[in-house]
Amino acid sequence: MSAPAVELKAVTKSFGRTEIIRGVDLSIPRGERHAIIGPNGAGKTTLFNLISGRFPVSSGTIAVNGRSTAGLAPQEINRLGLSRSFQITSIFPRMTVFENIRCGLLWSQGYRYSFWHLLGGQKKLNDAADALLERLKLGDRRNLPAGLLSYAEQRALEIGITIAGGAEIILLDEPTAGMSNSETDAAVELIRSVSEGKTLLMVEHDMSVVFGLADRITVLVYGEVIASDVPAAIRGNAAVQEAYLGTVAA
Amino acid sequence: MRIRIWISMLLGLLLAVGGGAPGWAQQTIKVAYTDPLSGPFAQVGDANLKQMQYIIDFINSKGGALGKKFELVPFDNKSQPSDALIALKSATDQNMPFIMQCSGSNIAAALIEGVNKHNDRNPDNRIIYLNCGAVAPELTNEQCSFWHFRFDLHAAMKAEVMVRALPKTTTKVYLINQDYLFGQSVQREVRNFLGKVRPDVQIVGDELIPLGKIKDFSPYITKIKASGAQALMTGNWGPDMNLLIKAGVDAGADLSYYTFYAHLAGGPTAIGAGGENRVFSVMPFSENVAPEIGNAEADAFIKGFRDKHKFEFTSAGFRTIFEYLQAAVNKAGAVDATKIAFAMEGMSRKDFLGFDTTMRKDDHQLIGEYFVGAFKKGVKYDAENTGLGWATAATILAKDIDQPNSCKMKRPKI
Amino acid sequence: MSLVRRHWVWLLALVVLLAFPFLFFDWSKGRHSGFVLTLMSEIGVMAIFALSYNMLMGQAGLLSFGHAVLLGLGAYCAAHVVNLVKAGTIWLPTELVPLAGGLGGMFFGFVLGWLVTRQRATAFAMITMGLGELVSAAALMFMGFFGGEGGISIDRVMDTSLFGVAYTSPWQVYCLVLAWAFIAAMLMRLQTQTPLGRIANATRDNFERAQFVGYDPRIVRLLQFTLSGFFAGIAGGLYVLIYEIVTFDTVSAAKSANALLAVYIGGAGGFFGPILGTIVVVLLQSGVSLLSNAWLLYVGVLFIVMVMYAPGGLIGLIFMHVPIWRIGRLRELLLPYARAFPPALMVMLGFVLLVELLSFTTIGAAQGKKFAIGGNVIDTTAPLPWLIALAALVLGALWIRREARGFRERWDALIEDAKRQGVVS
Amino acid sequence: MEVFVVSLLNGLVYGMLLFMLASGLTLILSMMGVLNFAHASAYMLGAYFAYTISQYIGFWPALVIAPLLCGLVGAAIEMWGLRRVHRNGHIAELLFTFGLALIIEKAVQMTWGLLPVPYRVPALLDFPLFSIYGTHFPAYRAFMLLISALMFGAIWLGLTRTRIGLVIQAALTHPDMASALGHNVPRVFTLVFAAGTALAGLAGVIGGNYQVTEPAMAFTMGPIVFVVVVFGGLGSLLGCFIASILMGLIQTFAVVFDVSLADLLARFGFIVTKDTPFAEVLTVTLPRVGALLPFLMMVLILVFRPRGLMGTRDT
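Residue numbers (our numbering), protein chains in the order written: chain A, 1 to 250; chain B, 1001 to 1414; chain C, 2001 to 2425; chain D, 3001 to 3315.
These aren't lab readings, by the way, just hints derived from the structure by calculation.
There may be inaccurate statements among the hints.
Partial selection, computed: residues in chain C whose CB lies under 7 Å from chain B [to be verified]:
(1) 2035
(2) 2140
(3) 2414
(4) 2417
In this text, a Cβ means the ideal position worked out from N, Cα and C, and glycines have one as well.
Turn these sequences into a full structure, and let the hints guide you.
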């Protein structure tokens, strides 16, 4: 049995005197689609920021594929095979859609900081980028500056950049936030297809998305995990009902 | 649409500058003059330009040379050597035989190099560089050039003049200079001459300051006072001199200030009445010399400028340059740089104040009288409407200044 | 043949640039105008410099106030190398001197870059400003490397040319500058299409996102800074060959500002923008300054007009016309332009006349200069010229406002049409 | 000892003058994000306005009128210039102010000439206040200290006790939040810019006769003001104050200590000779580089602590 994809042990995080994450233990095995839910301010996005290295932890350890991420910069964690998206769309607005995707591909294709390859001639790379664009249904937007895309298209592009590098572990932060129903359905299909065979960790508010996609669900309330189980069990968990779902159901 | 106009206008200007100019026939003898005429040092070039223009008008009224009039053509070099070299190119394009520059030894060094190379490479279109105020000693020693004539004493000579003017009662001096080639050579030479001429004088402090960076000189004054110095000797110019003396005067320091440049435009205003009898300046010319020695003709010449410009005539000494030019062109018999240069070297003349001057042949350094002015009330010509002016405290004659040189002059074959 | 078709712009530019100095050729004396050649060489050097600056500002979004440090240090390195060659210590063809400058610039780009690229945005700008001040002060204080105030001078005639050229005349140097300018510009253009070039764009747009696709923005900045130093150093090497001297003002803040101004006026958005900007800036500084000592005022006014009305720079203005050109209706703008031209000219002439009159009454008169247009001396104390200037300014302004309305209508209609045809989104 | 006391006083005076200039720039830079290159030009304008006014109606009215005039100029610049340029980004704003600085310099040259103007300390204050160890301490310097202290107090009260001051404070630390507070942001901006310019003008009024009033004074004062602001940290007036005093003292005291790196090495038994590598650098004494120390300090602090001394956010 190999190490879990992501493993958190007694992780805490404080900003000033406020403790946002209060001792989280979490283990996500490879290949699992895992969702984190919880009320606003529970610390879900902070947890993502800790895992992806955007913030350092205050105490505790995080391991990605069995390797501790302590002291690693975001890009180094990314190179361990972990890639994330952002709740607030984070793309490269002045570059074309195609360039956005290609930037997501560059590192994993081994180009690193090369200034001796001309990108125009890298057929394999460009084909891969175009193929991904088709998958994202952004093919006809290829040469538009990304900043001019519609919101839903930008969200799709965001996911595209996240998965382009072929990361084993994908963190999606509210991928469907602010989308219409039909857009959400399309997004769910997209996420399902791109996360095939990979580890997926997502924060999501839309319960239909969560229960439709996740293999397992963790409920985070005030910086603590109150439950972590398969969807059916979470649905029946009284504590969760009370703390979170109850308010939704009511 | 603005852009098109800009471009077309700029192209038009370029055509006018580059293409139009050579078309004029050589009716006048053109002297290119390049110094900063815009930007923070504009006052330097501006003041020189006014005075040269007046002198040229005067020389022309005396018949010019070979029946032709002199004409001054200013080029703004913005204190940048590259722009001075562009001005040089522009001057040679128009076959001007002279280029003149007064301010900045960095620019002078660039011009000497530029003129040397140009004259080597274009024997049919040579140009003489008249240096009216860049005073690094190197320029007429290691870097000396046949095409370069310096009409101001160099820093080492000025340092000697300054040291000789030091009163016998002064035994403790403090040196402050700007931290670059010029300031460093003033520092070196003043020390050198103090040792030679005034071994009784003790140097109680010796300081270099970064060029143009100091906004408040009070701390230096404190330090100088603490050292017990009686006199401050400085080669500083511009704000570095103005602020230094102002700070000293404000602090009521009991000091005399020996400077090279306190008399130049802006200095007297900055120093103010507090500098009375304290500030001394080593100067190639002082307006009050003429009335003091009773030279009515020179006095009238100075007064003419004053009446015209409401501005002091600190650089009437430039007249010597144009008189040399006039004589050299006449002697050469043609407006030809090589002939004029040969005519000019070794030439001796009495300047308009009646003193002897020589353009030394070995290094093309003009040796003339020099003055030390004291900032005083009750002189005929006051400076910048302060009510105070430069009374002559000492006159050092050419024969006393003769310093040796290390120049190995290369002369062209005619 | 396809090569010609693909790169016709470059070839055309080369031909034009080679032919242009002959417009000023003095046939009576059989020589080129040294002024024009030096000015054009200066434009070539400053264009490389501005393009290298745009590698920071346009490509990586880094605002530097000390870019001239790299130009100047490159130039000093090249000057020392030339002197070594001249002394026979090493051998290097004259043609490769700029490369020596480039390597010097690259070295200092890396060393200084290691320090400055730790930060971005305003902190980066301020660090570069501080470094610029420190280096230019050091250039005056330390004789060994910088030669003090006199700088380091060289003789470019060193008989090591690969092509047997002596480099005695400005024309030969101009050709060398042109060659290097094209090589450097092409390399920089190609660099924008490399992974590093693209990731630099990415860090400019969103440096955090770049981290999460695996890149360390600091290394991106450092490499970009180092490469930019290489090209600035090439410009420095050429500078040395043109002027045969390098002094402390090559590292000064004024030179750095020139690059910023050229890039902004030309437009950081398009690759060729900085070149256009350089032409304008150099002509203003070295051309107009010969005609008017109020040139700094014109520069100031130009910047203000540009930032207020054309933030995309000259290249932005040109690109605005592309959609209209694509739908083939550019010709319809000719008339509106022609109609706007006279009032625009009037405003400009009025303004220039007014400034010059002012400048001549306050400063020029004291210099004993006469204000002359085409040989006619104008009396600056008489009311007539002032009235003419004011009238031209005011009437021109009113007229141009009227024309602007018509122009705008036509423009909007054309853009609308372009949108309909799907040329613009 | 005597050197120490006098240097301390001089350092304070210079530091306070810097603060007067820098405080306005801190407000402008922190709130509006504008690297205002024309700030030192306002300093120059203040001095020239005061010179002209004091020729007609005396120094004391000038002390009030000149800063107000500068403030008006500032307001005009913000309303008709900067606001328009704002949407084109920070670099556009910066270049706008740069162009403005060029125009102001030329305008000053055309109006008042190229030479320094005789702007003098008023007769009432032109006497030595006291002498310590034989060095006069001019009354005018005490007056400068007084004015700048009063001004510091006024800003402090204005920012902490008035409504608009609280809004500005909020906007200092979180510029993007200002609009969320529901205030008329453009008006606040105009006010801040005008106030900042007026402060610079005031600095010019009292600094112009302390130093020399000439067209190059903006050019020479410009960079150091940026250094103070950045060193102190964005969004912090207190940081700006401390930085100003610190810079004033450092430049003053650097003059006093005649030491070099070589001396320092000598203590550890390493003697620098002419042939030592970098001997030229090692033998530079502190007074020679005193005026450069602020730049060095700014570079170092930004490299290791980008928010400056007391900044509330990264520069």
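Going down the list of hints, with the structure as the test:
{"no.": "1", "hint": "2035", "in the structure": "4 Å, holds"}
{"no.": "2", "hint": "2140", "in the structure": "4 Å, holds"}
{"no.": "3", "hint": "2414", "in the structure": "15 Å, violated"}
{"no.": "4", "hint": "2417", "in the structure": "20 Å, violated"}
The structure shown violates the earlier hints numbered 3, 4.
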